[in-house]
Amino acid sequence: MAGQSDSTMSLFSSEEIEFMAEDEMTEIVPNLRMDSLNFICGDYGPFLPQLAAQVPLWLALALKKRGKCTIRLPQWMSVENLTRVLEAERDSHAFQPLPFHYIEISRLLFDHAREDIPDMYMVRSLVEDIRDVRFHKVETNLEKFTASTVTWKNMSAMEVNVIRAFAGRALQAFYKHDNEQQTPDTDRALDKQPQIPTDRPKRNLKPR
Amino acid sequence: MATEESASVMDDYEMLISTTDVELLKRAWRNEKAAPEILQFESSLVQRIKEQIELAEQNEEIFEANNIEPLTVSLYQMDLDRTQFLLRSYLRVRLQKIEKYLFYVLKTDEYLNRLSKQEQMFARRCTDDLGSHLDETVLAKLPDNYRSILKQSITSEEDDMVPAPRLDTFVICKAKQYLSGLDFEPEYSMEITEMERDLLTFVCYKFVKKPLENGKIDLV
Numbered sequence: 001m002a003g004q005s006d007s008t009m010s011l012f013s014s015e016e017i018e019f020m021a022e023d024e025m026t027e028i029v030p031n032l033r034m035d036s037l038n039f040i041c042g043d044y045g046p047f048l049p050q051l052a053a054q055v056p057l058w059l060a061l062a063l064k065k066r067g068k069c070t071i072r073l074p075q076w077m078s079v080e081n082l083t084r085v086l087e088a089e090r091d092s093h094a095f096q097p098l099p100f101h102y103i104e105i106s107r108l109l110f111d112h113a114r115e116d117i118p119d120m121y122m123v124r125s126l127v128e129d130i131r132d133v134r135f136h137k138v139e140t141n142l143e144k145f146t147a148s149t150v151t152w153k154n155m156s157a158m159e160v161n162v163i164r165a166f167a168g169r170a171l172q173a174f175y176k177h178d179n180e181q182q183t184p185d186t187d188r189a190l191d192k193q194p195q196i197p198t199d200r201p202k203r204n205l206k207p208r
Numbered sequence: 001m002a003t004e005e006s007a008s009v010m011d012d013y014e015m016l017i018s019t020t021d022v023e024l025l026k027r028a029w030r031n032e033k034a035a036p037e038i039l040q041f042e043s044s045l046v047q048r049i050k051e052q053i054e055l056a057e058q059n060e061e062i063f064e065a066n067n068i069e070p071l072t073v074s075l076y077q078m079d080l081d082r083t084q085f086l087l088r089s090y091l092r093v094r095l096q097k098i099e100k101y102l103f104y105v106l107k108t109d110e111y112l113n114r115l116s117k118q119e120q121m122f123a124r125r126c127t128d129d130l131g132s133h134l135d136e137t138v139l140a141k142l143p144d145n146y147r148s149i150l151k152q153s154i155t156s157e158e159d160d161m162v163p164a165p166r167l168d169t170f171v172i173c174k175a176k177q178y179l180s181g182l183d184f185e186p187e188y189s190m191e192i193t194e195m196e197r198d199l200l201t202f203v204c205y206k207f208v209k210k211p212l213e214n215g216k217i218d219l220v
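Sequences listed follow chains S and W, in order.
Read in order, the letters of the first sequence correspond to residues 1 to 208 in our numbering.
Read in order, the letters of the second sequence correspond to residues 1 to 220 in our numbering.
Derived by calculation from the structure, the hints in this document are not laboratory data.
Just to be clear, a hint being listed does not mean it is correct.
[Unchecked claim] Derived lysine to aspartate or glutamate pairs resembling EDC-like cross-links, with alpha carbons at most 20 Å apart:
(1) S:LYS153 to W:ASP198
(2) W:LYS174 to W:ASP160
(3) W:LYS174 to W:GLU194
(4) S:LYS153 to W:GLU194
(5) S:LYS153 to S:ASP111
(6) W:LYS33 to S:ASP132
(7) W:LYS100 to W:GLU110
(8) W:LYS26 to S:ASP116
(9) S:LYS65 to W:ASP81
(10) W:LYS176 to S:GLU24
(11) S:LYS144 to S:GLU159
(12) W:LYS26 to S:GLU18
(13) W:LYS33 to S:GLU16
(14) W:LYS33 to S:ASP23
(15) W:LYS50 to S:ASP43
(16) S:LYS176 to W:GLU187
(17) W:LYS174 to S:GLU18
(18) S:LYS68 to S:ASP132
(19) W:LYS33 to S:GLU22
(20) W:LYS174 to S:GLU159
(21) S:LYS64 to S:ASP35
(22) W:LYS206 to S:ASP178
(23) W:LYS174 to S:GLU24
(24) S:LYS64 to S:ASP43
(25) W:LYS26 to S:GLU24
(26) W:LYS141 to W:ASP129
(27) W:LYS26 to S:ASP178
(28) S:LYS64 to S:GLU139
(29) W:LYS33 to W:GLU119
(30) W:LYS26 to S:ASP35
(31) S:LYS68 to S:GLU27
(32) W:LYS174 to S:GLU27
(33) W:LYS117 to W:GLU194
(34) W:LYS50 to W:GLU69
(35) S:LYS64 to S:ASP91
(36) W:LYS26 to S:ASP43
(37) W:LYS174 to W:GLU185
(38) W:LYS210 to W:GLU110
(39) W:LYS176 to S:GLU80
(40) S:LYS64 to W:GLU119
The task is simple: from the sequences and hints, build the whole structure.
Here's what the structure looks like:
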């Protein structure tokens with residue numbers, strides 16, 4: 001059988017998010033010469049030494065691991081830009097524009113391309129601070145759910161993935177309670193999704 | 001105004017011709033994973049990807065035979081692995097959904113038509129096996145009125161033991177272009193009137209079913 005009746009099949013694991021992030025284009029400077037690569041997912045190359053080229057992240061990391069290139073840091077990951085973004089995150093309630101996969105990209109670059117990042121420790125601590133501030137905002141925003149449709153500007157892939165299950169169930173419950181005329185059939189016990197503990201305020205019970 | 005419109009039409013056209021099959025497969029995989037019901041099978045896309053994978057596998061063997069540099073070989077292998085993963089995961093998610101809503105899928109023509117030929121065969125064999133298994137183990141031993149797989153008892157008016165996909169689950173989506181009220185079903189016009197492009201939106205799945213089918217929305 002293809003799999004158990006897995007109710008979590010609609011959730012993406014972190015690895016799958018990383019998989020999607022690895023398709024982002026990055027710039028590399030190869031130190032070898034290689035003919036064009038005609039992949040199923042596109043054509044890249046030919047590569048000449050010291051000439052910058054645009055390749056997907058997974059290819060860049062593969063070449064980097066074998067010592068065949070250096071990865072050029074993306075624009076948005078410079079210390080100045082990150083400091084500016086961090087300031088802006090702290091000052092406003094909205095999310096600052098950052099690449100959708102910024103967490104995955106920065107993590108992969110820290111793990112595999114350390115030498116190519118000037119001021120690596122500074123950059124890393126900035127990214128972590130940004131992550132913390134943003135996630136804190138996510139948490140405070142969650143407390144403000146009321147409408148049936150919620151929009152978020154500039155949230156990134158990992159942040160969205162982390163709250164997907166909880167927020168989905170919460171919004172569904174809000175929606176259900178808003179539209180009381182739904183038939184009882186929608187509450188079938190056959191819908192075997194595991195109960196995720198939620199922080200919704202409990203009903204006030206009548207004092208005894 | 002006309003130039004702006006034609007510029008955006010050109011953008012769409014360029015995007016269309018430059019989108020690779022792998023991009024399309026990735027989008028189909030993401031949508032399939034996030035949606036609570038099974039979506040239309042992308043038979044031509046899957047066919048093309050299969051052919052490209054076979055070609056790549058043949059190239060692998062040619063490389064091995066010609067002693068091409070191992071670096072290049074391993075890079076081609078990585079690309080092949082990634083594409084195979086997407087294809088397999090896509091098919092696997094669909095099979096999971098079929099298994100989950102087995103009887104409902106076979107009952108409803110709309111869903112049945114969204115399956116590929118092999119998936120339909122799989123679904124039928126599955127129901128046969130499951131049906132005969134349940135019959136032998138449990139149903140034959142129940143009193144006469146309760147022996148159906150689909151109905152709780154003969155007195156039920158409809159197949160009330162068949163779970164249907166929950167279309168009111170919430171999904172996260174992003175619109176590829178500005179959507180006005182016309183793009184949504186009229187009965188939901190009270191709930192949702194527009195959607196800006198590239199804005200992450202948490203929304204009830206059934207509201208966005210129509211634009212999803214028209215390819216104007218991506219689930220995230």
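Hints and how they fare:
1. S:LYS153 to W:ASP198: 8 Å, holds
2. W:LYS174 to W:ASP160: Answer violated: LYS174 (chain W) to ASP160 (chain W) is near 35 Å, above 20 Å.
3. W:LYS174 to W:GLU194: 12 Å, holds
4. S:LYS153 to W:GLU194: OK: LYS153 (chain S) and GLU194 (chain W) at ~15 Å, within 20 Å.
5. S:LYS153 to S:ASP111: The hint is violated at about 29 Å.
6. W:LYS33 to S:ASP132: 28 Å, violated
7. W:LYS100 to W:GLU110: Given pair LYS100 (chain W), GLU110 (chain W) holds - Cα atoms ~17 Å apart, limit 20 Å.
8. W:LYS26 to S:ASP116: Measuring from Cα to Cα gives roughly 30 Å; hence the hint is violated.
9. S:LYS65 to W:ASP81: 18 Å, holds
10. W:LYS176 to S:GLU24: 18 Å, holds
11. S:LYS144 to S:GLU159: 17 Å, holds
12. W:LYS26 to S:GLU18: Holds, because 13 Å separates the two Cα atoms, which is no more than 20 Å.
13. W:LYS33 to S:GLU16: Holds, because 11 Å separates the two Cα atoms, which is no more than 20 Å.
14. W:LYS33 to S:ASP23: Distance ~18 Å between LYS33 (chain W) and ASP23 (chain S) Cα, so the pair holds.
15. W:LYS50 to S:ASP43: Cα-Cα ~18 Å, so holds.
16. S:LYS176 to W:GLU187: 17 Å, holds
17. W:LYS174 to S:GLU18: 19 Å, holds
18. S:LYS68 to S:ASP132: 34 Å, violated
19. W:LYS33 to S:GLU22: Roughly 19 Å separates the two Cα atoms, so the pair holds.
20. W:LYS174 to S:GLU159: 15 Å, holds
21. S:LYS64 to S:ASP35: Roughly 17 Å between the alpha carbons, so the hint for LYS64 (chain S) and ASP35 (chain S) holds.
22. W:LYS206 to S:ASP178: Within the cut-off at roughly 16 Å; holds.
23. W:LYS174 to S:GLU24: The hint holds at about 18 Å.
24. S:LYS64 to S:ASP43: It holds: about 19 Å lies between the C-alpha atoms, which stays within 20 Å.
25. W:LYS26 to S:GLU24: 13 Å, holds
26. W:LYS141 to W:ASP129: Holds, at about 18 Å.
27. W:LYS26 to S:ASP178: 35 Å, violated
28. S:LYS64 to S:GLU139: This hinted pair is violated, its Cα atoms lying about 37 Å apart.
29. W:LYS33 to W:GLU119: 17 Å, holds
30. W:LYS26 to S:ASP35: This hinted pair is violated, its Cα atoms lying about 27 Å apart.
31. S:LYS68 to S:GLU27: Between LYS68 (chain S) and GLU27 (chain S) the Cα gap is close to 13 Å, so the pair holds against 20 Å.
32. W:LYS174 to S:GLU27: 27 Å, violated
33. W:LYS117 to W:GLU194: 37 Å, violated
34. W:LYS50 to W:GLU69: 26 Å, violated
35. S:LYS64 to S:ASP91: 37 Å, violated
36. W:LYS26 to S:ASP43: 17 Å, holds
37. W:LYS174 to W:GLU185: 18 Å, holds
38. W:LYS210 to W:GLU110: It holds: about 14 Å lies between the C-alpha atoms, which stays within 20 Å.
39. W:LYS176 to S:GLU80: 31 Å, violated
40. S:LYS64 to W:GLU119: Measuring from Cα to Cα gives roughly 41 Å; hence the hint is violated.
Hint check: violations occur at hints 2, 5, 6, 8, 18, 27, 28, 30, 32, 33, 34, 35, 39 and 40; the rest are consistent with the structure.
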